[in-house]
Amino acid sequence: MNHGTWNIRWEQVRTILIWIALPLLVGIGISATIPRPVIGEIYLDTEIDSESARYLISQIDYARAHANVRSVVLTLDSPGGTVADTESVYQELVALRKIKPVVASVGSMAASGAYYLASGTDYIIANPTSDVGNIGVIGYLPDSPAIFESTISTGPYKLWGEPRDTYLREMEMIKQGFYQAVQLGRGSRLKVGPDVILTGRIWPGSEALRIGLIDALGSPSDAVEKAAQLAKVGNYQVSDLSMDVFTQTLNSTGLLYQTKDGITMNFPTAPGLYLLYVPPFPVEK
Amino acid sequence: MSLRSRWKNKETGMETIKRFRYWIALILLVLPILLRGVWYYRGLPSQSKVLEPNYASNTVPQPPISTPAPEPVQTTSGKIVVLDNSHSNQYTPSEVEDFISQLTRRGAQVEIDSGDPSLETRLKYASAYILFSPSTLFGTDEINQLKAFVGRGGRLIVFADPTRFTTTFDSSTGASVPQPDVDDINPVVMPFGIMVNKDYLYDLDKNEGNFRNVYFSQFNKNSVTSGLSQVVFYGTHSLTTQGGTPLILGDAHTLSSNTDSGNNLASAVLSADGNVLAFGDFSFLIPPYNTVADNSLLVNRIADFALSGSRTPTVADFPYVFDRPVSVVPTGKLQLGSDLLNPIASMQKALQATGINMEMNPKPAANTDLLVLGSLTPSDDLTPYLEPFNLGMDDPSTITLPDFGTINRTGVGLLLYQRTPSRNILILLTDSSSDLPTMISSLAEGNLLSSCVLEGDVGVCSVSSGESSSFGSSSSSNFPFPELSSPTPNSSFSTATPTPGG
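For the record, the sequence lines run as chains A and B.
FYI, the numbering for the first sequence is 1 to 285, going by the numbering used here.
FYI, the numbering for the second sequence is 1001 to 1502, going by the numbering used here.
Just chain A, same shape as in the assembly (with noise of 0.2 Å):
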């Protein structure tokens, strides 16, 4: 081989490298920047108080500040809870939704506040026998008020809030917001009127389905296929948001009542408004 062909062949493979191979690990390189979608997942499976709100709104913040989480899948498994904690996780729902799909899966239950939270996603998806609704507010009032020499007050509803009608005319404003939520993020899937919604029943998923109270019937994985589909992603990843946010154990805030034995009974410990399904007791009739 002379020194001429030698050149010219070196001249081929430098043109190749520079230009094809470069360009292509140059490509794919960035290629490999581009993350993998992560369909985010939120677990919701006790009552709604102080703490488990705190841990959902991490995630939901979570789930908005990262780029590469496309859709997040709320699985719910809840009776509901307080009011305000209720209000505030679904407000920073309502908040991801404007930039990001989020589907509700419904374990065995969405029950009043956590319906309400599923009120606010794009898509509900529930078991045939998960239960569904439970829409409305439940009250527990306090004593009527009294004067008492051991424990002195500035005024007559410092030691008891409001007096006790009150407590009912504002359960009727939280119903209304209720009922707004449910009305607005449902919209004109929603087949029955406030008449059928607002009895606080609670519907097996099939039936919430026929009155529109979900979108579908499904497993939880259905529900990540369909975050997946409104975010338009595919080969995406599954991440459990809560390992992301949170490293410790949630603790107890106290909000349903427990017995001296340590047994949590299913009505909550202080007086007040809840959006909140409190099981009746088995009567014998």
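Take the hints with a grain of salt, since some may be wrong.
[Stated by the list, open to error] Straight-line distance between alpha carbons at most 25 Å, and here's what the computed DSS-like set of lysine-lysine pairs gives: (1) B:Lys1221 with B:Lys1206; (2) B:Lys1049 with A:Lys191; (3) A:Lys98 with B:Lys1049.
Source of the hints: derived by calculation from the structure; they are not laboratory data.
Treat the numbers as computed from the prediction; the structure is a model and nothing was measured.
Fit chain B to the given chain A structure using the hints.
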């Protein structure tokens, strides 16, 4: 092809590459990016319009408070209204203080019945008997006494309330079992064709702050509903009536919790005879709910109803048959002696217990009531008192009375009662003068009436032991008459489900 030409072709190829190398480089640069992008991302996510509730527009609903001008009331003195508190009633009299004050404002005397004296005794002098949410059953005797009371024109007002119930604890499940007041009320009101349903009414469409606080704007014309345009009941049972009048009715949105349906469901009804008024709620009597809408006016109307009965005492109401001091008037050959003194003293005590003084006065003064004593023998001084009763005493072995026919005199005593605006007269007659002390004692001690057949203001009594009394031509050891009759409306109900219009 020669080596030269092949080399030339290579050069041409290189030239081509050189010519497009920028494009090729660009494509090769972009292709992996594009492929990876398409692998993961299939388009831009569709953004739905997100609408949020306008929380600021939601307000706390306020009740329609009304402050009606106080109406002038008709004062009726001497009427007594009894509030039952002897059946573990689910209320306290202080709760219904406003209602009680409306009664006393009208001149009524209000008594709380805690069981002593008995219901039977209280119903002898009461004008109205008011029952709030009992949680124990009325006995058969008590129900019969109420039926008789209403039959004599007494007013019975019954308040049920779905928010008042007792609970029993089921130790096996740990569950509380509610015991609604309906089960204890219905035996009382069903004889009058009224039934309180084991439900509550609700309205999700338009309500007073809560679904169970129901507006009522439909009223059937009656003195109880006069002037009402809207009342609010705070948790009410529905009621049904057969033959009576549903007074306060819900609209098409007022539903029963039993069926989640209903139209014109009644929350207050009046019995066919107009003497029994029943409500499914009494929260509307209690502050602050008594000032909402026309509730205050309704409370007034109920007080008017309680005191507007036509009940007048009959002989069955002894000793509550006198309004003034009583003069004892012996007639015929009757002489006051030792045999009569004890019985008359007993009578005096019995009347004193009711606030009535008794005096011996053969020539009674004006403004006194009379206790006339005598025998079943005509006498000049007795005859004027007997005229209203058409008593036939000409036959020495029998007497005749319009509602009783012919009665064998032996062992019989007559109780005759006449009530006029100026004087009340009670007449006690026996065939044998020896039976009269027994009859007086027995009446004073409260034992006589149980051995009398009563018809209006006439009582035919057995006053001697061991001897039978006979009526007309037939003889019998027992009185062949039914108990004191009273209207007993058909009380059979075919269903417990509330029906439209009650």
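Verification of the supplied hints:
The straight-line distance between the Cα atoms of Lys1221 of chain B and Lys1206 of chain B is roughly 24 Å, inside the 25 Å bound, and the hint therefore holds. Restraint check: the Cα-Cα separation between Lys1049 of chain B and Lys191 of chain A comes to about 20 Å, which is no more than 25 Å; the hinted pair holds. A C-alpha spacing of about 7 Å is found between Lys98 of chain A and Lys1049 of chain B, which places the hinted pair at or below 25 Å, so the restraint holds.
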